[in-house]
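K.L.:
Spelled out, the chains give:
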Amino acid sequence: MSERLRILIAKPGLDGHDRGAKVIARALRDAGMEVIYTGLRQTPEMIVESALQEDVDGVGLSILSGAHMTLVPRVIEGLREAGLDHVKVFIGGIIPDEDVPALKGLGVAGIFGPGANTQEIAGFIRQQLTEG
Amino acid sequence: MELVTKALAGHRYALARLISCIEDDGTDARASLAALYPHTGQAHVVGVTGAPGTGKSTLVNELTKVLRAQGTTVGVVAVDPSSPFTGGALLGDRVRMRDLAGDPGVFIRSMATRGSLGGLARATSDVVKVLDAAGFAVVLVETVGAGQAEVDIARTAHTTVVVEAPGMGDEVQALKAGLLEIADVLVVNKADRPGAAQAARVLEMVIHRNAFRGGTDDNVWRPPILKTIALDGSGVPEVLEAVAAHREYLQASGTWAERERARVETELRNVLQQELLDRLMARVGEEQVRAWVERIAAREVDVYTAVQAILGM
Chain W
1 MSERLRILIA KPGLDGHDRG AKVIARALRD AGMEVIYTGL RQTPEMIVES ALQEDVDGVG
61 LSILSGAHMT LVPRVIEGLR EAGLDHVKVF IGGIIPDEDV PALKGLGVAG IFGPGANTQE
121 IAGFIRQQLT EG
Chain Z
1 MELVTKALAG HRYALARLIS CIEDDGTDAR ASLAALYPHT GQAHVVGVTG APGTGKSTLV
61 NELTKVLRAQ GTTVGVVAVD PSSPFTGGAL LGDRVRMRDL AGDPGVFIRS MATRGSLGGL
121 ARATSDVVKV LDAAGFAVVL VETVGAGQAE VDIARTAHTT VVVEAPGMGD EVQALKAGLL
181 EIADVLVVNK ADRPGAAQAA RVLEMVIHRN AFRGGTDDNV WRPPILKTIA LDGSGVPEVL
241 EAVAAHREYL QASGTWAERE RARVETELRN VLQQELLDRL MARVGEEQVR AWVERIAARE
301 VDVYTAVQAI LGM
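Those protein sequence lines, which keep their order, are chains W and Z. Oh and the first sequence: position 19 is 19 in my numbering, straight run, nothing missing. Oh and the second sequence: position 169 is 169 in my numbering, straight run, nothing missing.
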């Protein structure tokens with residue numbers, strides 16, 4: 001049995017900067033994961049649907065628009081409604097410190113800001129996903 | 001087994017879980033496939049293959065849109081390569097399939113090749129069976145960006161669409177063996193770019209020669225060459241007409257059953273091969289194998305002698 005970690009990388013919302021998402025997707029690929037990359041302008045509904053069809057272990061959201069407090073709860077709620085409670089959610093982007101406790105409270109497993117080391121991110125995500 | 005029952009009843013997450021189980025060759029994978037098998041054989045399996053960047057994903061997106069407009073349900077299996085070094089993969093076909101979101105008549109699954117070299121993953125044909133059994137009327141299989149030798153799709157699909165784009169090489173490329181020979185429908189995508197007419201002409205010439213080899217009677221399928229601009233959907237309905245015509249041809253000529261048998265035979269041989277190898281390796285053990293590798297690398301013994309010795313053990 002060769003079970004591989006699968007993770008969805010998506011950019012919800014309307015900002016058009018996907019450099020960070022691509023860098024992370026590449027880093028996770030290099031860390032041996034199967035990365036499903038959906039690209040720009042995904043709605044929370046689209047993200048949940050892709051996560052379901054692809055049966056992923058985790059979802060990584062790249063948000064630079066400042067809309068994280070609207071988008072992240074909708075993704076997490078959607079995952080729950082779809083019966084995907086076990087899917088871990090990670091966020092990358094510009095997230096002000098004061099929002100971190102609220103996001104963690106929603107169940108976000110990891111938050112990564114600018115300058116975070118991609119190898120460390122990959123290591124952290126792997127550990128989170130294999131912990132079950 | 002519960003997954004099979006639920007997946008057959010249209011439960012989408014059960015379907016996704018079942019696909020993972022089969023992809024990972026997990027517990028119950030084989031029992032599940034056995035339970036599914038009687039429900040398969042309904043879908044028209046259509047392969048879409050071609051070099052990287054010719055527009056396969058975009059074409060699959062457009063084909064699915066037109067099929068959905070006709071009320072046909074569509075399963076999509078999109079294969080991308082795994083890294084031979086890390087085993088990781090970047091599966092990016094969904095980027096071009098945004099339009100299909102939110103439609104319960106569509107199910108898209110990305111697959112990594114996980115070491116297979118023929119343009120598909122080892123489990124792709126089994127995943128196709130799952131979507132077939134789940135009731136999707138057409139299953140589109142998009143291969144990895146294929147070069148010249150990735151022709152496994154012809155054994156998996158009933159109809160193979162080969163996508164070309166202008167500027168991919170001269171006549172000599174088109175004359176080489178491989179991808180073009182497996183085409184049932186040929187598409188020159190990006191037809192708005194310079195060189196499209198030239199590309200179509202070259203293909204026309206090659207295909208005619210292939211067709212002569214197959215005989216000149218009316219019963220031979222001649223792959224049509226169609227021009228598309230997948231980005232705006234131009235020419236896509238015509239591709240689907242050709243795909244449907246090919247299906248009719250397969251059924252009317254008896255080739256459908258013939259292809260089905262050829263597919264089953266390949267599958268049987270592949271599974272037998274894998275199973276025998278697994279069993280033999282379990283008996284021989286990794287340590288023995290490593291010892292032989294050392295001896296062969298040191299030129300003490302050649303590979304054929306080593307195999308004879310291993311099989312004789």
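No lab work stands behind these hints, which were simulated from the structure alone. Among the clues, some could well be false.
What the hints assert, rightly or not - Distance ranges between label pairs, derived from CB positions:
{"hint": "1", "chain 1": "Z", "residue 1": "W221", "chain 2": "W", "residue 2": "Q128", "range": "50 to 58 Å"}
{"hint": "2", "chain 1": "W", "residue 1": "E3", "chain 2": "Z", "residue 2": "V284", "range": "24 to 32 Å"}
{"hint": "3", "chain 1": "W", "residue 1": "G115", "chain 2": "Z", "residue 2": "A282", "range": "42 to 50 Å"}
{"hint": "4", "chain 1": "W", "residue 1": "G123", "chain 2": "Z", "residue 2": "P38", "range": "55 to 63 Å"}
{"hint": "5", "chain 1": "Z", "residue 1": "G105", "chain 2": "W", "residue 2": "A102", "range": "49 to 57 Å"}
Said to hold, decoys possible - Coverage of chain Z stretches by chain W, computed from C-beta distances (three or more under 8 Å per stretch; other residues unrestricted):
{"hint": "6", "stretch": "44 to 56"}
{"hint": "7", "stretch": "108 to 122"}
{"hint": "8", "stretch": "298 to 309"}
From the three backbone atoms N, C-alpha and C, an ideal C-beta is built for every residue, glycine too.
K.L.:
Against each hint, give a clear statement of whether it holds in the structure.
P.N.:
Do the hints match the structure? See the list:
Between W221/Z and Q128/W the CB atoms are about 52 Å apart, so this pair conforms to the stated range of 50 to 58 Å. Judged by the Cβ atoms, the range 24 to 32 Å given for E3/W and V284/Z holds: they are separated by roughly 25 Å. One distance hint, 42 to 50 Å for the beta-carbon pair G115/W and A282/Z, holds here, with the actual separation near 49 Å. The beta-carbon spacing between G123/W and P38/Z, approximately 46 Å, falls outside the hinted interval of 55 to 63 Å.
For G105/Z and A102/W, the Cβ-Cβ distance of about 38 Å falls outside the hinted range of 49 to 57 Å, so the restraint is violated. Check result for the stretch 44 to 56 of chain Z against chain W: violated, 0 residues qualifying (beta carbon to beta carbon below 8 Å, three or more required). Residue count for the stretch 108 to 122 of chain Z with a Cβ under 8 Å from a Cβ of chain W: 5. That meets the three needed, and the coverage hint holds. Interface restraint, the stretch 298 to 309 of chain Z with chain W: violated (0 residues with C-beta to C-beta distance below 8 Å; minimum three).
Violated hints for the displayed structure, listed by number in ascending order: 4, 5, 6, 8.
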